[in-house]
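A.B. asks: Residues per chain are reported as follows:
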Amino acid sequence: MENITFKLTKKLKTIGFVMVAIGLLALAYGFIAGLGGDRIVANLHLNSFYFTSLGLIGMFFVAVHAIAESGWQVSMQRVGEAMSLFIPVGGIIMLLVFIFGGMHHLFEWTHTEHLDRILLGKVAYLNQPFFYVRFAVFFAGWVFLAWMIRKTSRELDINGDVKYFNKLRKYSAFYVVFLAVTSVISSWDWLMSIDAHWFSTLYGWYVFSSMLVTGFSVIVIFTYVLKRMGYMQHVNDEHIHDMGKYMFGLSIFWAYLWFSQYMLIWYANIPEETIYFYERIKHFDTIFYVNLIVNFAIPFLLLMTRNSKRVSYVIVPVAVIIFIGHWMDLYQLIMPGAVGHEAAGIGFLEIGLTIGFTGLFMLVTFFGLTKAPLVPKNHPFYEESLHYHTNY
Amino acid sequence: MNKSYITAYYTDDDALLKGVRQLKEKGVEIIDVMTPFPVHGLDKAVGLRRSRLSRVAFVGGAVGGLIGFFFQAWVFTKAYPINFGGKPYLSVPSFMPVTFEMAVLFAAFSIVFAYLIYFKLTPGAKPVIHDERSTDDRFLVVVKAGEPDETPNIERALSEAGAEGIKLKA
Chain A
0 MENITFKLTK KLKTIGFVMV AIGLLALAYG FIAGLGGDRI VANLHLNSFY FTSLGLIGMF
60 FVAVHAIAES GWQVSMQRVG EAMSLFIPVG GIIMLLVFIF GGMHHLFEWT HTEHLDRILL
120 GKVAYLNQPF FYVRFAVFFA GWVFLAWMIR KTSRELDING DVKYFNKLRK YSAFYVVFLA
180 VTSVISSWDW LMSIDAHWFS TLYGWYVFSS MLVTGFSVIV IFTYVLKRMG YMQHVNDEHI
240 HDMGKYMFGL SIFWAYLWFS QYMLIWYANI PEETIYFYER IKHFDTIFYV NLIVNFAIPF
300 LLLMTRNSKR VSYVIVPVAV IIFIGHWMDL YQLIMPGAVG HEAAGIGFLE IGLTIGFTGL
360 FMLVTFFGLT KAPLVPKNHP FYEESLHYHT NY
Chain B
0 MNKSYITAYY TDDDALLKGV RQLKEKGVEI IDVMTPFPVH GLDKAVGLRR SRLSRVAFVG
60 GAVGGLIGFF FQAWVFTKAY PINFGGKPYL SVPSFMPVTF EMAVLFAAFS IVFAYLIYFK
120 LTPGAKPVIH DERSTDDRFL VVVKAGEPDE TPNIERALSE AGAEGIKLKA
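In the order they appear, the protein sequences are chains A and B.
With numbering that gives the first Met the number 0 applied, the first sequence covers 0 to 391.
With numbering that gives the first Met the number 0 applied, the second sequence covers 0 to 169.
If you're looking for bench data, these hints aren't it; they were derived computationally from the structure.
All C-beta atoms in this analysis are idealised placements derived from N, C-alpha and C, irrespective of residue type, glycine included.
One thing to keep in mind: the hints can contain errors.
So, partial list: chain A residues that the calculated Cβ filter (under 10 Å) puts toward chain B [stated by the list, open to error]:
#, residue
1, Phe258
2, Tyr261
3, Met262
4, Tyr266
5, Met303
6, Asn306
Residues of chain B clear of chain A, computed beta-carbon distances all greater than 10 Å [unchecked claim]:
#, residue
7, Ala14
8, Ile29
9, Ala44
10, Val45
11, Arg51
12, Met95
13, Ala107
14, Ile128
15, Glu146
DSSO-like mimics (lysine-lysine), calculated; alpha carbons at most 30 Å apart, straight line [said to hold, decoys possible]:
#, chain 1, residue 1, chain 2, residue 2
16, B, Lys25, B, Lys43
17, A, Lys150, A, Lys12
18, B, Lys119, B, Lys23
19, B, Lys77, A, Lys281
20, A, Lys244, B, Lys43
21, A, Lys376, A, Lys10
22, A, Lys244, A, Lys376
23, A, Lys281, B, Lys86
24, A, Lys226, B, Lys119
25, A, Lys376, A, Lys12
26, A, Lys281, A, Lys6
Work out the full structure: start from the sequences and follow the hints.
C.D. replies: Structural data, given as structure tokens:
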């Protein structure tokens, strides 16, 4: 009989705490080595945003499939639900970074004494009070809806009554719509306003697509780790195949949005817009181009064949590559504007802090996994998920 | 080598699956199974090898992409170099939409033509109809007849596997 309750063992806790400790060490190193407030804050901001988004997408995975009345994802649903527990954690870290001086390091529009004409034109939106109100609305909505979905999912598992399934669909619908709007607006607030003189209407969707593919890849990584630990035996090749299809397709979608944004700005050649890419190609060129190779070329070529999506030795490394690759993508979104090419770099601060946040995210997700049985036995689509066969 | 074959039919898809599995066990060589609707698990039961059409598609797409890109590169750098708003002659971002579409086009055409050629559905081909009801309510199994002395064995295997209307066709 498969063990359906996840046990957060001492070993896992130790690994997590060690990773968090490395992160704290890296943070301390950043201060001691005098790397500068800009760089330290930018890294804290990058990582807290990244992992909060992964939590949001974890729940999005559950919600969007519930709305579609899809059955196969039920086997992996718990991972997505558990990931969403990180949302308030990331939010608190982001808030602390903002409050304790982060705003001035990250956002030039907070320097209200010397706003130029362009920033003055945006001051009705880019001002700190409104910024914090939006922040509160985003996180209140996300935390509340994710909590309701988790709660209903657990009730459904205990009860199996179809009224809980309908409730799950209702909250999922609210969540998806709310996330669609707020993920775009939050990306303007937290990422695009770093380069406040510039804007792009595709930006919100570009960031969302990046987080989407990474979130799904992280679900695959967690599922694989759980399987190796002996859990999740009911997750079969068919489910992983479908996740592989997501990773393949969403990587192409991300690349499509990358190219759409880039080509339009390149073609129109308006200096006000091209300055954004000029800065990146001139001073961050390696990361800028490697970004495309790691996040598009590699998933596209490696996940193309049918069998590649059914063997763990292809799909898990590609998931890890996507996870690292989209961190890099976020790096080139944030660092040029927040830190500048002279001070930015990838050193112990960046790597250590990312390890720390990964450890924290791992701990929170594993904690979330203990909260409900890993196998949603009474979910109306559980049987369907066991017998699911994906076609080509 | 005898090019004749034996056809037989089922009227139920579950019986078809069971029968096909039985025939496979007995070592009967199934050439084809024709069903009015897709039967889940049939591909595996018959032991069909995975289609090589995907490789054709990949080659077609790669060739199309390369042709698309290099043709544009030749046109805009050698044949008719025109200065479009100060952009370089070899303007890679501008070339991408056409390159992509050419890749898709060549991939699609290569799939379609390879499929038609492989199944001998070229213009003027004669249709091969084993049983007119195979797209109606009959599940048809087409089996290799083998040598003339093996034929009664195969026919017996078919009837034991629940097939009806066993016919030898030249």
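A.B. asks: Taking each numbered hint in turn, which are not upheld by the structure, reported in ascending numerical order?
C.D. replies: 12, 24 and 26
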